[in-house]
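These protein sequences, in sequence, are chains U and S.
Per UniProt numbering, the very first residue in the first sequence carries number 1; after that it's consecutive.
Per UniProt numbering, the very first residue in the second sequence carries number 1; after that it's consecutive.
Please keep in mind that the hints were generated in silico from the structure rather than gathered at the bench.
For glycine and all other residues, C-beta sits at the position ideal for the given N, C-alpha and C.
Errors might be hidden in some of the hints.
[Stated by the list, open to error] Simulated crosslink set (DMTMM-like; lysine to aspartate or glutamate; CA at most 20 Å straight-line): (1) 132/S to 114/S; (2) 136/S to 124/S; (3) 253/U to 250/S; (4) 136/U to 162/U; (5) 253/S to 255/U; (6) 132/U to 144/U.
[To be verified] Here are some chain S residues the structure puts well away from chain U; computed CB gaps all over 12 Å: (7) 57; (8) 63; (9) 83; (10) 114; (11) 147; (12) 169; (13) 214; (14) 250; (15) 305; (16) 311; (17) 329.
[What the hints assert, rightly or not] Here are a few chain U residues that face chain S, going by a calculated C-beta distance under 10 Å: (18) 31; (19) 33; (20) 232; (21) 234.
Protein chains: 2
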Amino acid sequence: MSKPRATSGDQSLLRLINSVAVLSALRESSPATLTDMAASTGLSRPTVEAAIADLVEQGWASELQAEAERRVGRPARRYVFRADSGYVLGFDVGAHRVLGRLADLNGRTIHTHETQVDPQLDAESRVAVVRKVAAKCLAAGRVERSRLMAVGVGSPGIIDADGNVTVSTVLPGWVGLPLARKLSRSFHCTVLVDNDANLAAMAERGHGVAQDVDDLIYLLIGRRIGAGLVLGGRVHRGFGGAAGEIGLLDPQKWERCRELLLGPATTESLTDRHHEVTDRIITAARAGDAGALTIIDDFCAVLAQHAAAMTLTVDPEMIIIGGGLAAAGDLLLPRLRTHIDRVCIRTPRIEASTIGQEAVVLGAVQLALHSADEALHQQAAPT
Amino acid sequence: MSKPRATSGDQSLLRLINSVAVLSALRESSPATLTDMAASTGLSRPTVEAAIADLVEQGWASELQAEAERRVGRPARRYVFRADSGYVLGFDVGAHRVLGRLADLNGRTIHTHETQVDPQLDAESRVAVVRKVAAKCLAAGRVERSRLMAVGVGSPGIIDADGNVTVSTVLPGWVGLPLARKLSRSFHCTVLVDNDANLAAMAERGHGVAQDVDDLIYLLIGRRIGAGLVLGGRVHRGFGGAAGEIGLLDPQKWERCRELLLGPATTESLTDRHHEVTDRIITAARAGDAGALTIIDDFCAVLAQHAAAMTLTVDPEMIIIGGGLAAAGDLLLPRLRTHIDRVCIRTPRIEASTIGQEAVVLGAVQLALHSADEALHQQAAPT
Numbered sequence: 001m002s003k004p005r006a007t008s009g010d011q012s013l014l015r016l017i018n019s020v021a022v023l024s025a026l027r028e029s030s031p032a033t034l035t036d037m038a039a040s041t042g043l044s045r046p047t048v049e050a051a052i053a054d055l056v057e058q059g060w061a062s063e064l065q066a067e068a069e070r071r072v073g074r075p076a077r078r079y080v081f082r083a084d085s086g087y088v089l090g091f092d093v094g095a096h097r098v099l100g101r102l103a104d105l106n107g108r109t110i111h112t113h114e115t116q117v118d119p120q121l122d123a124e125s126r127v128a129v130v131r132k133v134a135a136k137c138l139a140a141g142r143v144e145r146s147r148l149m150a151v152g153v154g155s156p157g158i159i160d161a162d163g164n165v166t167v168s169t170v171l172p173g174w175v176g177l178p179l180a181r182k183l184s185r186s187f188h189c190t191v192l193v194d195n196d197a198n199l200a201a202m203a204e205r206g207h208g209v210a211q212d213v214d215d216l217i218y219l220l221i222g223r224r225i226g227a228g229l230v231l232g233g234r235v236h237r238g239f240g241g242a243a244g245e246i247g248l249l250d251p252q253k254w255e256r257c258r259e260l261l262l263g264p265a266t267t268e269s270l271t272d273r274h275h276e277v278t279d280r281i282i283t284a285a286r287a288g289d290a291g292a293l294t295i296i297d298d299f300c301a302v303l304a305q306h307a308a309a310m311t312l313t314v315d316p317e318m319i320i321i322g323g324g325l326a327a328a329g330d331l332l333l334p335r336l337r338t339h340i341d342r343v344c345i346r347t348p349r350i351e352a353s354t355i356g357q358e359a360v361v362l363g364a365v366q367l368a369l370h371s372a373d374e375a376l377h378q379q380a381a382p383t
Numbered sequence: 001m002s003k004p005r006a007t008s009g010d011q012s013l014l015r016l017i018n019s020v021a022v023l024s025a026l027r028e029s030s031p032a033t034l035t036d037m038a039a040s041t042g043l044s045r046p047t048v049e050a051a052i053a054d055l056v057e058q059g060w061a062s063e064l065q066a067e068a069e070r071r072v073g074r075p076a077r078r079y080v081f082r083a084d085s086g087y088v089l090g091f092d093v094g095a096h097r098v099l100g101r102l103a104d105l106n107g108r109t110i111h112t113h114e115t116q117v118d119p120q121l122d123a124e125s126r127v128a129v130v131r132k133v134a135a136k137c138l139a140a141g142r143v144e145r146s147r148l149m150a151v152g153v154g155s156p157g158i159i160d161a162d163g164n165v166t167v168s169t170v171l172p173g174w175v176g177l178p179l180a181r182k183l184s185r186s187f188h189c190t191v192l193v194d195n196d197a198n199l200a201a202m203a204e205r206g207h208g209v210a211q212d213v214d215d216l217i218y219l220l221i222g223r224r225i226g227a228g229l230v231l232g233g234r235v236h237r238g239f240g241g242a243a244g245e246i247g248l249l250d251p252q253k254w255e256r257c258r259e260l261l262l263g264p265a266t267t268e269s270l271t272d273r274h275h276e277v278t279d280r281i282i283t284a285a286r287a288g289d290a291g292a293l294t295i296i297d298d299f300c301a302v303l304a305q306h307a308a309a310m311t312l313t314v315d316p317e318m319i320i321i322g323g324g325l326a327a328a329g330d331l332l333l334p335r336l337r338t339h340i341d342r343v344c345i346r347t348p349r350i351e352a353s354t355i356g357q358e359a360v361v362l363g364a365v366q367l368a369l370h371s372a373d374e375a376l377h378q379q380a381a382p383t
C-alpha cells in the first residue's frame, strides 16, 4: 500500500484512479449508463459522471447518440469504450512469410498484410520486411503510428525476457538478435517478442479450439516440431525459456519422415511448389492410395513419439495440431490417437487447430493488447 | 466476503479469528512477547492478551518461564507455540517396505518405524501393515491417537483427488483401492494420499537439494522410473494426475538396462540380496572395472533418454536423482549430464537427492502438516 500523499496532487490522482476504474468497467461491458457504471465500480454517481467526462474529453469513451432521438422523454445517456482510441500491431515472423495485423483495442482486425520472404533472407533484411509490413498495415488502416499502444511479435526460437533471440535454428542470422530493441526504433510504444508456438498456444485458448482449457500442448508442425505449453492457464516457458523444444528429441527420424510429406529442409524446396506436393499426398491418402497412406502413417508415428513424450511428462487436457497440417486433421488425428493410446495411461483430447495459419499472429495481437491494457492501468499507479 | 452477522455469536467469532491470527504469528516466530505479537498481527495489545489467554487455555500456546527468574524487575512475558499440541503421521508405502513417521506440529520427528514387506503382499494385508506401523509410532512416541491432526501417505501409481488409486503397476491389487477411505477408518482425522514421486519432489524443495528451486523434476528410480514435477513452486499433477509417468516412454529398453544394475523385476530378486549385487557393481565401477562401467554407462544412457524427453518438454531448473541410486551420484551425474547436454539446448542442474530414502516419508509428513495448518485456519472461517 502506498501512503496517502498530503499534496495538492491528491485530488487529481484520485480522479485518475476513478477514471481508470470507470474505463475498466466500460471495457468489460459496453454500452453502459452512469447507473450501470456506478453499480459495477462501487463509485458514487457524481464521481462516475466526473470520470466519464474526463474519459470523453481524453478520447477513451464516447456517448452513444443513436437511440436517444427515437425515444420520448429524456433517456439515460449511454457510453461506450472507444476501441479506436488506440491500436496494436501483431506479427508472425516466419521463414517464408511475415504476417502483420493491425487491430483496435477491442482486438478487432483493421488490416492484415502478408509478405512472402526467402527463407535464406538475412536477419537485417527480415527485420526490414517487418517494418514494411507495419507501414502497409498502418497506411491501409489510416492509423497514425503515434496511436499504436503496443506491438507483439511471434518468432521461432528461444526468446529471452528482453526480447532477444537466444537460440534459433530456423532463421539465418537470428541468434543473438535483439529483436525487440531493433523494432523499438520504429515504434514509440512497447514491443514484446515471444516464441511463435507459445503465442499460438495462447491464441488457441483465446480464439480457437482450446477455450476454457487450462493445460494444453500446441504442436507447431513445420520444418521442425515446436511446441507451446499452457499449464494452469499460463504459458509455461521453462527455466531458460526452452520448454517445448521437443523437436530435438529425435531429429534424424523426424527429418526422414517429414521430408517425404513436407519436402526437404532446403531453401529451394520450401517454396510454395512443395505445398502442392504435400497437398497431392494428402489428397491421394484420402482416396486410399497405399503409398500416400504409408507416408502419412510414418509421419504420424514419429509425430506421436514426440507428442507421447510430452504427454507422459505433463499429462495435458488437450493436444492441438497447428501449422499448415491442421487442415489434414481427418488423416492425422485418428492415427495420433492410436499411437498415443498405445504408450500413455491417458490419451488427451487431440484436435486440429481451428485458427490454422493465423494462430501466431492472433497470439501476437493478444500479447500486444495485454500490454496495452497494462499500460492503461498503470497510468493510475502513483509514482 | 461474508456479511457480518448481527447475532450474539459475533463477539466469539471475532475472538476466534483473532486467536487464529495470534496463533499464526506465534508459529511464524516463537518465542514472542505480547508486544511482538501485537506488532506482527496489527491487533491491539489487549486483544492479543485476550487471544493468548484463550490459546494457553486450549493448549496451543504456553508461557516460557525459564529466564524470568534470573532477571531483576518484571520481565516481558514470552510465549511459544506448543508444537506438541497436535501430531501428524507420514507414510511411504512401497513394494518392499512401509516407512512411517510421527512428527509434531513443527515437523520434528518423534518416532520413525520401518517394516519390510513382501513385494507380492496383497492390498488388504499391505494396508494392515500401514495400520501396524502407525500403532508402533504412536506407542513409541507415547502419543494418543486422538491427538493426530492429519495423516499423509505416499504411494506408487496415480492417485485421484479423493485418495483412490486409479493406476498402479507396482503393488499387487492396488488399482481401484480407496486408500484414503480405507485408512480413514483407523484415524479420526484427515487422511491424504499422493503419488510417491510428487511427495519426494516437494520434500526435496522443503528439506533437500532443491531449496528455493521452483521448477524441478524428481526422478524416483526403482523398478520403474517415476517422476515428480514441481512447476512454478507447486506439484504439477496433470489433467488426469498422470504427469511424470515417463517410465512408459521406452519400457523394454529400460527393463533391459535396469535389470543388469538393479536386478530383474521379479519377487525373488527384488530382495535385499540384489542390493548387494547393485552395490558390488557400483564399487567395481568406481574401481574402474570395465564390465561394471558398461552396465553403468548403458543404464545412464537410457535414464538420460527419459530425462531428456522431460527436459525438452518443461525445461526445469534442476533434475534430482532419487531412490536408492542417489548414493551413486558420483557415477551417474556426470554421465547423465553428458547425455542430456548432447540432446538439449540447456542442461538443467543435475543433482543427487540429499534426503535419499527418506524423501517420500518427509513429503508425506509435509502433506499432513499442510493439512493440519489448513484445519487450524479453517476453524476461524464463519460457517
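- request: Report holds if the minimum CB distance from residue 63/S to chain U is greater than 12 Å, and violated otherwise.
  value: Correct as stated: the minimum Cβ-Cβ distance to chain U is 34 Å, above 12 Å.
query: residue 253/U and residue 250/S: Cα distance at most 20 Å?
result: Cα-Cα ~16 Å, so holds.
query: Per the stated criterion, does the least C-beta distance between residue 214/S and chain U lie above 12 Å, as a non-interface residue requires?
result: It is violated; residue 214/S is separated from chain U by about 8 Å at its closest Cβ, not greater than 12 Å.
- prompt: Are residue 31/U and chain S close enough, Cβ to Cβ, to be under 10 Å, as the hint says?
  reply: 29 Å, violated
task: Would you check whether residue 234/U satisfies its interface hint, that is, whether its CB is within less than 10 Å of any CB in chain S?
output: 8 Å, holds
- prompt: Is it correct that the beta-carbon of residue 57/S has no partner in chain U closer than or equal to 12 Å?
  reply: Holds, since 35 Å exceeds 12 Å.
message: Can you verify the interface hint for residue 33/U: is its Cβ closer than 10 Å to any Cβ in chain S?
response: 26 Å, violated
20 Å Cα cutoff - pair residue 132/U, residue 144/U: 15 Å, holds
field: Beyond 12 Å from each Cβ of chain U, as asserted for residue 114/S
entry: Consistent with the label, residue 114/S stays out of reach of chain U, its closest Cβ about 30 Å off (over 12 Å).
query: Beyond 12 Å from every Cβ of chain U: is that where the Cβ of residue 311/S lies?
result: 8 Å, violated
- request: Mind verifying the non-interface call on residue 169/S? Its CB should be farther than 12 Å from each CB in chain U.
  value: At roughly 10 Å from the nearest Cβ of chain U, residue 169/S sits no farther out than 12 Å, so the non-interface label is violated.
- request: Please settle this one: residue 147/S was flagged as non-interface, so is its CB more than 12 Å from every CB on chain U?
  value: Holds: least Cβ distance 36 Å, greater than 12 Å.
Violated hints, listed in ascending order, are 4, 5, 12, 13, 14, 15, 16, 18, 19; each of the other numbered hints is respected by the structure.
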